[in-house]
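Student: Take the given structure of chain A and dock chain B to it, following the hints.
Number of protein chains: 2
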Amino acid sequence: MFSKIILFLCVIASGTVQAMLVQKQRFTLDSFTTENGQTIAPLNVGWEAYGKLNADKSNVILITHYFSGSSHAAGKYHADDAAPGYWDAIIGQGKAIDTDKFYVISSDTPVNANAFDSNVITTGPATINPATGKRYGLSFPVVTIGDFVEVQKALLDSLGIAKLHAVIGPSMGSFQAIEWAVRYPEQVQRLIPVIGSAYMDTYSAIKLQRWAYPILQDPAWHNGNYYDSGQPLQGLSTALAYITQDALHPDSFNPRYSAISADAGIHQDITALPQAWQQLLAQARLRAEKQDANHILYLVRASQLWRAGMGDNWQHALSRVKAKTLFLPATGDLLLPPQLSKHSAEAMTAAGNKPHYAEIPGSFGHLDGVVGISAVAQQIHAFLN
Amino acid sequence: MFSKIILFLCVIASGTVQAMLVQKQRFTLDSFTTENGQTIAPLNVGWEAYGKLNADKSNVILITHYFSGSSHAAGKYHADDAAPGYWDAIIGQGKAIDTDKFYVISSDTPVNANAFDSNVITTGPATINPATGKRYGLSFPVVTIGDFVEVQKALLDSLGIAKLHAVIGPSMGSFQAIEWAVRYPEQVQRLIPVIGSAYMDTYSAIKLQRWAYPILQDPAWHNGNYYDSGQPLQGLSTALAYITQDALHPDSFNPRYSAISADAGIHQDITALPQAWQQLLAQARLRAEKQDANHILYLVRASQLWRAGMGDNWQHALSRVKAKTLFLPATGDLLLPPQLSKHSAEAMTAAGNKPHYAEIPGSFGHLDGVVGISAVAQQIHAFLN
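Top to bottom, those sequences are chains A and B.
Here UniProt numbering is used: the first residue of the first sequence is 1, the next is one more, and so on.
Here UniProt numbering is used: the first residue of the second sequence is 1, the next is one more, and so on.
Extracted from the complex, chain A is given alone in its bound form (with noise of 0.2 Å):
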């Protein structure tokens, strides 16, 4: 067992293993219903894959991603990419996802937030609406967790694929992976929900309410409707600046900007904006020219809505799951904090499930279930073996 543990680390640790080269692929429904009763059609989604599929499609791993991420969990497109997907960390040969063993999907959301991407495809308001040839904007349905798993399921169905080794994400990503194992359980062997919950709770719907805010308050956002006029740019960094702050812990994010204590500027003159501020704008405005601020308020609506099951008692709904379960909230999360984990791995346990629970240690807070997720790879790769 240890000598197994500590071969695996030299594998993660050595460094030697050439990232992968990966290829986004399109998936297209002629026509999707959404939970609320509307047609999208067509809608387009974006996916990546990892490993090998073996002969009776029971290998196949699937990766749900975050609000801000896409299909891109691993790998690069090019050999000189500046950086590899976010979980590429776990994900490959000889990781704690091992690519040897494992076919490892990944696929884009609707309304993802990496509308301008090009390595992203996704359908929402920002896409051309081939009924009217116009942008959607917010005549877009409201979608749900409920409906990306739906179009998850479709792309798997296209393939082939019956059953899931496993389902695991990430914060937005735990939201489906835990929709999947609700509506699927006899498909879903293994759920792993990391930075997650299985609800999503009044005070943190509100929360993300406040993102939505500074797009719906800025004058340009014309009620959606600027795909001519050009984006609500102010409002859109501003929203990814707050969800920049509210995925770290003051710990890490205190050393990345001005001190605000030698900030002389702001106590000569009330208008003067604290330069740490002006540093974190400066950042979102440069991600705000991939993204599109209705897809924003599009993924809070999703998140908002969010309750295993979507029904009326998301308790009860998590006693359908059949999945072996392991909760990897991460200890220093100010924004979806190990207290929903906990009282999600509860209420599974309640229903009769045995959930395992462990914490991501580290700094970073929320971010510690992306950028921190090696601490827990031995428990991703002891679990999923």
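Don't read these hints as lab results, they were simulated from the structure.
Possibly wrong hints are sitting among the right ones.
Copies of one chain are not kept apart here, so a pair can be met inside one copy or by any two copies together.
Claimed, not checked - Subject to a maximum C-alpha distance of 30 Å in a straight line, what follows is the list of computed DSSO-like cross-link-like pairs (lysine-lysine):
(1) Lys290 / Lys207
(2) Lys101 / Lys324
(3) Lys207 / Lys163
(4) Lys134 / Lys354
Tutor: For chain B alone, kept in the frame of chain A given last:
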């Protein structure tokens, strides 16, 4: 010892003590020079006192108020007032801060949030500047926690009070209390920072900027010149809604607002706002009637600039404190979490002081330091006596 505590608890619990009747008084400085070298002339603040000043003026306790608070710390103006001052649970005859023994003074800060409350006297942007005959607006200088302390010092000087048995305040009041002990170490014998901190970290300062944002973005704000055209009520109400949420823990927030999971409208319509959000805003809108948007911006700025000693090294500044000190953070505080009190206490310990530390239990989060203060009444009583 035990019998004393039991007697004390019985007095607290008996409820037979009539509400103290209290009066607002006015203190005027003909001219005040701010830390950044500006002049405010005149400067008025309101103050209240409970108990009797003894002959040698040695029984004074100063109470410093929180961000949204005022000098109304205890008692009622009229017997039929709906509620007494915010810390009435611990200030009064036979209470933790016993007015049979102590003369308790509390004053409004400059730029007090409640500029249009008839029980608050404060000078700030909403005040008419006699030099121009117009409201100050943004021509009012940036003021600091140090400035608040200097105004209180002038008030106490005017009363011939040279020593303070204790300075006690919650939240922004803790900042003032600590600054008192740093600036006037020979005069402050005891210090109790409640739900507070000896410094504002960059993370917390940026969270405060997010309170300012809705006001700054409201077109009705008009760069602070709205006194003829009407307050930026949308921005102000939103800011106050954020303050309410940030001061609460999810355990107390969630049961008070409509459950997000029962909010069917937001699943049908992307433009629908969550009911809980509307409730929160409606409550804030009522409070906004008595508050001034510019004053909120100035309080945000004073809080952002806060660090003990208002210089380059707050840790070093704490070495000047001679007061016996008791930090009282609230366990569930998500706004100024116990970590900030711990860091403050550690810095004070490193500087040679021996601060005491205890946590306020409860489910209200930051607000446990106000509405839940009776949970530590016994510790406060013991520390003062």
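Student: State for each hint whether it applies.
Tutor: We went through each hint and held it up to the structure:
In the homo-oligomer, the alpha carbons of Lys290 and Lys207 lie at most 30 Å apart both inside one protomer (24 Å) and across protomers (25 Å), since each shortest distance falls under that limit. Taking identical chains as interchangeable, the C-alpha atoms of Lys101 and Lys324 lie at most 30 Å apart only when both belong to the same chain, with a minimum of 19 Å there against 64 Å between chains. For a Cα distance limit of 30 Å, the shortest separation of Lys207 from Lys163 qualifies neither inside one copy, at 36 Å, nor across copies, at 45 Å. When the C-alpha separation of Lys134 and Lys354 is checked against a cutoff of 30 Å, the pair qualifies neither within a copy, at 50 Å, nor between copies, at 69 Å.
In summary, the structure is inconsistent with hints 3 and 4 from the numbered list given earlier, while agreeing with the others.
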